[in-house]
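Participant: Next come the chains, spelled out residue by residue.
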Amino acid sequence: MRHVLFGLVLAFGLLPGLAGAVEPDEVLGNRTLETRARALSSELRCLVCQNQSIDDSGATLARDLRLLVRERLQAGDSDGQVRDYLVSRYGDFILLKPPLRPETALLWAMPALVLGTAVIGLLLARKRAAPSPAPLDEGERAALDRLLGRG
Amino acid sequence: MIVETGHFALVLALALALVQSVLPIWGTRRGDVGLAAMAVPAACGQFALVAYAFAALVHAQAVSDFSLTTVVENSMTTQPLIYKIAGVWGNHEGSMLLWVLILAVFGAAVALFGRGMADDLRANTLAVQGWIASAFLLFILLTSNPFARRFPAPLEGHDLNPVLQDLGLSIHPPLLYLGYVGFSIVFSFAAAALISGRLDAAWARYVRPWILIAWCFLTLGIAMGSYWAYYTLGWGGFWFWDPVENASLMPWLAGTALLHSAAVMEKREALKIWTLFLAILTFSLSLLGTFLVRSGVLTSVHSFANDPRRGIFILGILVLFIGGSLALYAWRAPALRQGGLFAPVSREGALVFNNLLLTTCCATVLTGTLYPLALESLTGEKISVGAPFFNLTFGPIFVPILLAMPLGQSLAWKRGDLVGAAQRLTVAAGLGLALAVGLAATLRGGPVMTAIGLGLALYLVVGAFADLVPRIVGRGLSARAMLARALGLPRSAWGTAIAHAGVGVTLLGLAATGWGVERIVAIRAGQSVDLGPYTVSVLDFTSRPGLNFSELAAPVEIRRGGLLVATVHPAKRSFPVRQATIAQAGIATLGLGQVYVSLGDGHADGTLDVRLYWKPLVTAIWIGALIMALGGFVSLSDRRLRIGFARKPARPRAVAPAPQAAE
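As given, the protein sequences belong to chains A and B, one line each in that order.
Just so we're aligned, residue 16 is where the first sequence starts under our numbering, counting upward by one.
Just so we're aligned, residue 21 is where the second sequence starts under our numbering, counting upward by one.
To be clear, the hints were calculated from the coordinates, so they are not data collected in a lab.
Relax, there's no trap hidden among the hints.
Think about it this way: if two alpha-carbon atoms lie no more than 25 Å apart in a straight line, the pair counts; the simulated PhoX-like pairs of lysine-lysine are:
#1 Lys434(B) / Lys287(B)
#2 Lys142(A) / Lys287(B)
#3 Lys142(A) / Lys434(B)
Interface residues of chain B toward chain A, partial, derived using beta-carbon atoms under 8 Å:
#4 Ala383
#5 Thr384
#6 Leu395
#7 Lys402
#8 Ile403
#9 Ser404
#10 Phe409
#11 Leu412
#12 Ile540
#13 Asp629
Idealized CB from N, CA, C, for every residue including glycine.
Assemble the whole structure, with the sequences as input and the hints as a guide.
Facilitator: Printed below as a string of structure tokens:
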């Protein structure tokens with residue numbers, strides 16, 4: 016349902032069923048495992064939805080993936096192993112936080128690049144804009160001292 | 021007949037927009053005052069015609085004229101009138117008409133209220149506004165005609181998308197568009213300055229109110245959309261870093277930067293060229309947002325092909341205006357004289373810092389939004405960039421802005437005293453730190469980030485007024501005198517303080533999400549569930565019919581310590597025509613927090629899935645946004661900024677002058 020946010024995409028009229036997300040029968044008895052499952056789910060994309068994590072999607076596929084995540088966790092997988100397993104099945108597309116690879120390097124570097132470029136540009140502009148004022152000559156210095164009552 | 025006259029009015033509006041695009045510029049070039057003055061009646065006439073066309077469409081929706089395709093597809097007879105009217109902009113064609121209407125509103129407003137402006141600036145500004153209007157009117161008439169007829173007319177329509185049958189969402193698009201499209205006039209001002217080659221503090225003074233108006237509405241529009249998502253989506257999420265949300269956040273970030281750099285320009289004639297660039301950037305991002313949302317490129321790279329004419333047309337407009345304005349900028353900007361030197365530690369310096377980081381934030385959101393599209397079209401590889409990415413990158417850039425915000429307010433123009441400014445913030449920083457440490461120490465188990473966030477929020481709220489206090493409170497002054505001094509402070513100083521405090525209030529709500537409690541349970545009628553400090557009981561499940569839907573509702577009682585504090589009625593609505601079901605959450609506001617109840621699927625054994633949330637301080641998120649917008653409107657009421665009064669000298673102050681600190 017997320018894609019109708021802000022009433023701007025109204026034209027497309029795509030509507031999945033009821034917003035569902037985690038259902039009571041999925042919740043694990045083990046509190047620690049359930050917390051880990053929720054944290055993991057919020058970083059995994061529901062592949063058939065638009066930009067929704069499996070943690071907040073009502074799609075059937077999202078439910079299947081949530082159950083899969085919990086199954087793996089119960090089998091003793093670490094978070095990283097669960098993630099790797101899902102990536103091996105569905106590719107990087109399933110990760111809402113893309114891994115750092117040559118293709119995504121620019122994405123991750125962009126904030127630093129923009130900030131760095133802006134700072135350098137700013138320093139250059141300041142240097143150009145503010146030529147240091149010409150130093151006072153002897154006469155001016157004497158006049159200034161007189162005015163300031165230092166002479 | 022009304023429909024045809026509406027369509028005709030739109031064609032006439034295009035003709036008038038074309039006149040408005042050409043004659044005023046020609047007039048100012050040749051020094052022909054009469055020709056330049058054409059801009060004013062043209063802008064007003066264009067507004068009248070577009071308004072008429074819009075009214076015609078509203079009429080067609082209100083009377084359910086099913087000979088119109090847009091009415092058939094977005095309305096039905098049993099729908100409440102308010103949603104019939106909201107259905108006007110609940111679809112592509114109508115919302116584009118609303119877009120153009122708001123464009124015309126701003127054009128006419130500058131024509132009518134811009135009397136204090138230099139004549140050539142007004143003429144050129146309106147001409148540029150005419151270009152934008154021509155492009156979008158052409159887009160509507162050629163690809164998205166809202167007045168397209170259908171024969172034979174069906175007896176009943178397809179109903180409005182159920183998600184949109186909501187009061188919040190009915191007023192959300194107009195608000196958002198007032199902000200989004202409002203920046204068009206700022207863009208036009210910038211292009212006009214480049215065309216005439218003259219850019220001074222007076223320009224900044226004329227343009228500042230318009231930036232403020234657009235910014236206030238954009239803030240309100242985003243907050244409204246966020247609250248709508250919160251109560252509609254059924255689990256209380258309020259921001260998802262969805263591309264469509266990002267499309268509105270980017271102009272907001274750039275617009276916020278613009279608001280601040282224009283202040284520097286007005287006060288000190290510095291940052292002129294940068295301000296011009298931001299003005300162009302902000303509206304370019306609005307256009308980009310329109311393109312992303314309207315072309316369907318977001319849904320999938322391929323759905324672009326569903327209606328390639330629309331996507332390509334808007335892309336053309338995008339390239340023309342962004343490319344054209346940047347080319348104009350590259351050509352003319354170097355000729356503009358830079359002015360106003362300042363030390364790095366000064367009010368200007370702080371605002372440059374603000375601009376650096378806000379622009380970086382904006383670039384981060386832009387890259388994150390477009391990167392998957394670009395990568396897929398270049399290499400065919402699909403990646404996802406979602407909330408975890410944005411939280412990780414956006415947060416660290418935004419925190420320094422927050423930390424520096426009160427500090428910047430306390431610095432003097434030109435050359436500031438960092439130690440002095442920091443001293444003025446001792447109270448704010450002390451309070452914030454005490455709160456953070458106190459919370460972390462006393463509330464075991466709560467996330468540390470929440471304690472830090474709440475401390476930072478308190479620092480922001482108190483710090484926002486740190487600069488005003490010494491200008492009001494003085495030794496030996498009576499309460500009356502202090503009140504007089506408080507009222508005598510410029511409204512813009514109050515506006516700044518209020519808006520900055522609003523940011524703190526929003527942060528308060530964001531930070532407190534860490535304290536939220538969630539229960540997802542299958543429940544029978546009559547059962548109770550503990551939820552944070554509350555006990556929630558579902559009394560009953562009942563079915564009942566509505567106007568164009570049927571619903572399953574459950575009265576739910578919320579008790580605290582055995583005492584009934586609220587009753588809510590969450591429901592699940594089924595819309596037969598669209599074959600869609602949506603959840604209506606039951607929300608009880610208790611203090612600043614909310615208890616949120618949402619119904620899920622029913623089971624054969626008589627239980628129903630229910631989601632229950634206790635969200636402490638959550639309303640602060642949107643109250644903060646309202647306060648920000650309020651700050652903007654207070655600033656707008658400053659005599660200095662009032663539209664049309666730019667040339668008149670300020671009235672001498674009647675009260676005892678307050679110490680001239682940084683303003």
